[in-house]
Amino acid sequence: MTDQPAKSITKPTSRRSILKGLGAAAIGISFVGKKSSAWAAEEPKLNFYNWDTYIGETTLETFKKASGIDVNMSLFATNDELFAKLRAGNPGFDVIVPGSEFVERMIQANLLEPLDHAKIPNIKNIAPEFMTDAPFDPGRKYSLPYTWLVIGIGYRKSKVKSTPDSWKVLFDSDEYKGRIAVMSDASELFRNCFKYLGGSINSDDPELLKKAEAMLIKQKPNIKAFHEDNGQDLLLSGEVVVVQEYNGDIAQIMTEDEDINFIVPKEGAMKQQDTLAIPKGAPHPENAHKFINYIFEPEVGAEITKTILYPSPNAAAVALMPDSYKNNPVVFPPADLMAKCEYPRYLGPEFTRLLDEAMTRLRAD
Amino acid sequence: MAQRRAPLEYNRMWQMRLWLFGVFFFLYAPLVALVAFSFNNSKRNTVWRGFTFDYYVKLFNDQDLLIAFANSLTIALLATLISLVIGALAAVLLWRYRFIGRTVVEGTFMLPLVVPEICMGVAMLLFFTRVLPWPNDLPWPLSLGSIIIAHVSFCFPFVALVVGARLASFNKEQDEAARDLGANDWQAFRDVLLPHIKPALIAGGLLAFTLSLDDFVITFFTSGPDTITFPVKVYSMLRFSVTPEVNAASTMLILLTIVLMILMMVMQSRGQKKG
Amino acid sequence: MATRTQERRLAFLATALPPIAWVVVFFLAPLAIVWAYSFGQNAGLTEVDISGTFANYTRALQPLYLGIFAKSIFVAGLTTLLCLIIGFPVALSIVFASEKWRAWMLLLIMLPFWTNLLIRTYALIAVLRTEGYVNFTLEWLWDNASWFMTLVGLQPLGDFTPLQLLYSNFAVVVGLVYVHLPFMVLPLYAALDRLDRSLIEASLDLGAGHLRTLWSIVVPLALPGIISGIIITFVPALGAYLTPDLLGGPDSQMIANVIERQFKKANDWPFGAALSFLLMYATFAAIALRAYYSRGSAAPGHGI
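Chains as they are written, first to last, in this note's numbering: chain A, 1 to 365; chain B, 366 to 640; chain C, 641 to 944.
Isolated chain A, as found in the complex:
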């Protein structure tokens, strides 16, 4: 509050104007106050757009008890669905769970709301490397890690001749002819090929892509299926013996069949995060922040992890998990192999088109 006694003496009319100004300011403040209190008093609802079975069994209920907010969870099956739904305009979602590569795309397409870290004090529970090592969202302005994953090789121990510790088994050899399944997503398939061919996950060299495509076309007679996220079922039911899959998915079926194991190939692989983010135009941003903060509570995180068994970036939650999880080399692969893994960056529309055409050619042969 500025003090201007001198002015009031020299300019008589200025007091009136000061009063006017104060009055206007007062009205203005009360106006703003009304607005922000209206925001704070959002209706107690939340629209949560999530993957199926990707939340704890009681998480939403306990959140409602703790905060009074009713969570309405809808499901999507792939990141592309999520993106397709949002690109035409947010139909009312408050919290979404995009993969890390899509976070980058969505930031570029201006589809995400920046997160207010001050409203999410439980960020302190997140293992620090996840806050700093996030090339797709520097400073974690728009997203926070929910789970992390790495792609590797799931295999049936009794049916393999030796531990399949290289991508060669899937991409370049007929050792398991007719009993191989690889991923059907162009990015996930080809980029891991890049690793095998000595390149980087984020290489945008068309020549390297051509080499990978030629190699896979040669390998195609040995491949049984291009699976879309159900590779672990194929392995479990005996359709295939080696499969390219996420470590979390394999960890889930390992509880049902002890003959199954997982390994990250020695050339390195693609690692991923599934993140929590708030799309632009979310009708309940305050509730969204509260929900995200709640998820990073240690007990809540532990409960979620118990259900979905994926690697969790929530260090406090991991501390509460049993040893069978904490020391599981499938859930937390050895550091030397993880050091060779990279997050996928969004390489632009032109390379995306090249990837898709390569996939079309591969499938058309």
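No lab work stands behind these hints: they were computed from the structure.
Among the clues, some could well be false.
Unchecked claim - Straight-line Cα separation of at most 16 Å, EDC-like style, residue types lysine to aspartate or glutamate; simulated pairs: (1) C:Lys904 with A:Asp174; (2) A:Lys220 with C:Asp891; (3) C:Lys904 with A:Asp185; (4) A:Lys220 with A:Asp365; (5) B:Lys423 with A:Glu57; (6) A:Lys168 with A:Asp116; (7) C:Lys904 with A:Glu81; (8) A:Lys218 with C:Asp891; (9) C:Lys904 with A:Asp365; (10) C:Lys711 with A:Glu267; (11) A:Lys159 with A:Asp259; (12) A:Lys290 with A:Asp116; (13) C:Lys904 with A:Asp356; (14) C:Lys904 with A:Glu188; (15) A:Lys266 with A:Asp336.
As the list claims (entries may be wrong) - Computed beta-carbon distance windows for the label pairs: (16) C:Glu687 with A:Pro121: 51 to 59 Å; (17) B:Leu546 with C:Val664: 29 to 37 Å; (18) B:Leu628 with C:Arg742: 42 to 50 Å; (19) C:Arg834 with B:Phe391: 21 to 29 Å; (20) A:Ala66 with C:Val664: 45 to 53 Å; (21) A:Ala66 with C:Tyr697: 52 to 60 Å.
Said to hold, decoys possible - So the derived list for chain B, only partly shown, Cβ under 8 Å to chain C, looks like this: (22) Ile514; (23) Gln552; (24) Ile619.
C-beta: ideal position from N, C-alpha, C; glycine also.
Model the placement of chains B and C on the given structure of chain A, informed by the hints.
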């Protein structure tokens, strides 16, 4: 010599019976297995591990699935009703009147049958976000409006086809006679045409109901956070963790179908007794 | 009081306006938007710039995509043919069944049709996969045959290798036939139902065998129904997406799968729009051809 079979009794021929048996076995064996595995005591669906009702219990406690199911039924019901009106009007229009551009109109009505589902799905998505935004917080069931509209668009041609086929066998002169005798067009429609096309309306209605209940692609593109439907929910369950709960849900759906069909047959036979 | 003509006109409008308005607003308009998109290109990640370019169509007519079109047409055609061959006797049997049986048979044919497509396809997976019912039965037969042969003193058969039925073109065709069979049976039944049976009896009395009667008398008279059945089966089979997606193998992609990828992973909506429209033009051409053909031969086949 063996008893001479009447010439048209195809069903007495053993080849025919074998063929029929084969076809019905082919159609039903997978479904029977599906129902059987709904009692499977295993989280995954791949190997039999013992008998249990657990997944039915889970089904009836699964709010999301039940809501999705209710949504699908509501959409199917409303879409069928609207399709019946629009389809019947379309069929009558083409049958009763001659006007300029009739062939074009006829072709346009049949267009939804040949458009790939995915094309229609995207078209509806664009339409309901860019041209005619459907408000997000309408009360149920109005919130399902965009899906219902999309469903009507691809269901009514089927109704029109079925009703049109029935009308083709109707003697136009009866209709004209009624009108000449002083009944206005509406009365002629109500008292002469309507009774005749009633079986076609029932058949067309059932067809529309089925198509709507079964649809996935178009529904996916037009649904939003509050309007998840049964096929979309099942698809995401299939993609992720296929538990026998999906089988249990399908079994319930099949049961519902059987009940509805029996109902329809009862209604039809009653209608025939009256007429 | 309105005059007769005025009242008639009013009735005409009342009949014409609802369906026409609906079709224009809720069908043609959305399609027009997609049509416009096919002449556009991606401007940034979410916007599409309608620039009147033909680039998408040029790209769609490359051999890569034309080949996929051709393959889809082949698969759909094969499916339709199989449905016709399998479904015709079934329709015949229903038509000639007694009243009581007929209702039951129609019900039984329709029932699988009412089950959700996803679920039916998923049920087929359980049947066809390596540890599925087909292989299970075959293995049981194999083992018993082997046991029998040892009993009789012969060498037992070797180990049973399960058939790889799933994730192949075979599985896709089986799946498509499974899903579309009821679609074919109904129009066939409707057409055969209207047939004048005395003609068949006459033909048989005159000495023609069953097959000859079928071919020369029944099929031509039921032709309109057969053609309806063919169209109702072929068109959806051509645009099938879920079945090749769930049951198909590495080389089983059909045109609908490619289109779906454009709208999802590849994020190239203009190209997807162009592909969809090419598919539609092809279908229209086929139907127009059929309409032209049947108009020429309309006279002789018409109600005897």
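Just to be careful: measuring from the Cβ of B:Ile514 to every Cβ in chain C, is the smallest value less than 8 Å? holds, 5 Å
Interface restraint verdict for B:Ile619 against chain C (beta-carbon cut-off 8 Å): holds, 6 Å
Does the alpha-carbon distance linking C:Lys904 and A:Asp174 stay inside the 16 Å limit? Roughly 32 Å separates the two Cα atoms, so the pair is violated.
Check the hint pairing C:Lys904 with A:Asp185 against an upper bound of 16 Å on the C-alpha distance. The hint holds at about 11 Å.
Between A:Lys220 and A:Asp365, does the CA-CA distance stay at or below 16 Å? holds, 9 Å
Are B:Leu628 and C:Arg742 spaced within 42 to 50 Å by their CB atoms? Taking Cβ atoms as reference, B:Leu628 and C:Arg742 lie about 18 Å apart, which means the hint is violated.
Are the Cα positions of A:Lys159 and A:Asp259 separated by 16 Å at most? holds, 9 Å
With a cut-off of 16 Å on the C-alpha distance, tell me whether C:Lys904 and A:Glu188 pass. holds, 15 Å
CB-CB spacing for C:Val664 and A:Ala66 relative to the 45 to 53 Å hint: holds, 52 Å
Starting from A:Lys290, check that the Cα of A:Asp116 is at most 16 Å away, please. Status holds; Cα separation ~11 Å.
B:Gln552 as an interface hint toward chain C, with CB separation required under 8 Å: Not OK, violated: B:Gln552 not within 8 Å of chain C, min 10 Å.
Given the proposed pairing of B:Lys423 with A:Glu57, does the C-alpha separation stay at or below 16 Å? holds, 12 Å
Of the numbered hints stated above, those contradicted by the structure are hints 1, 6, 9, 10, 16, 18, 23, listed in ascending order.
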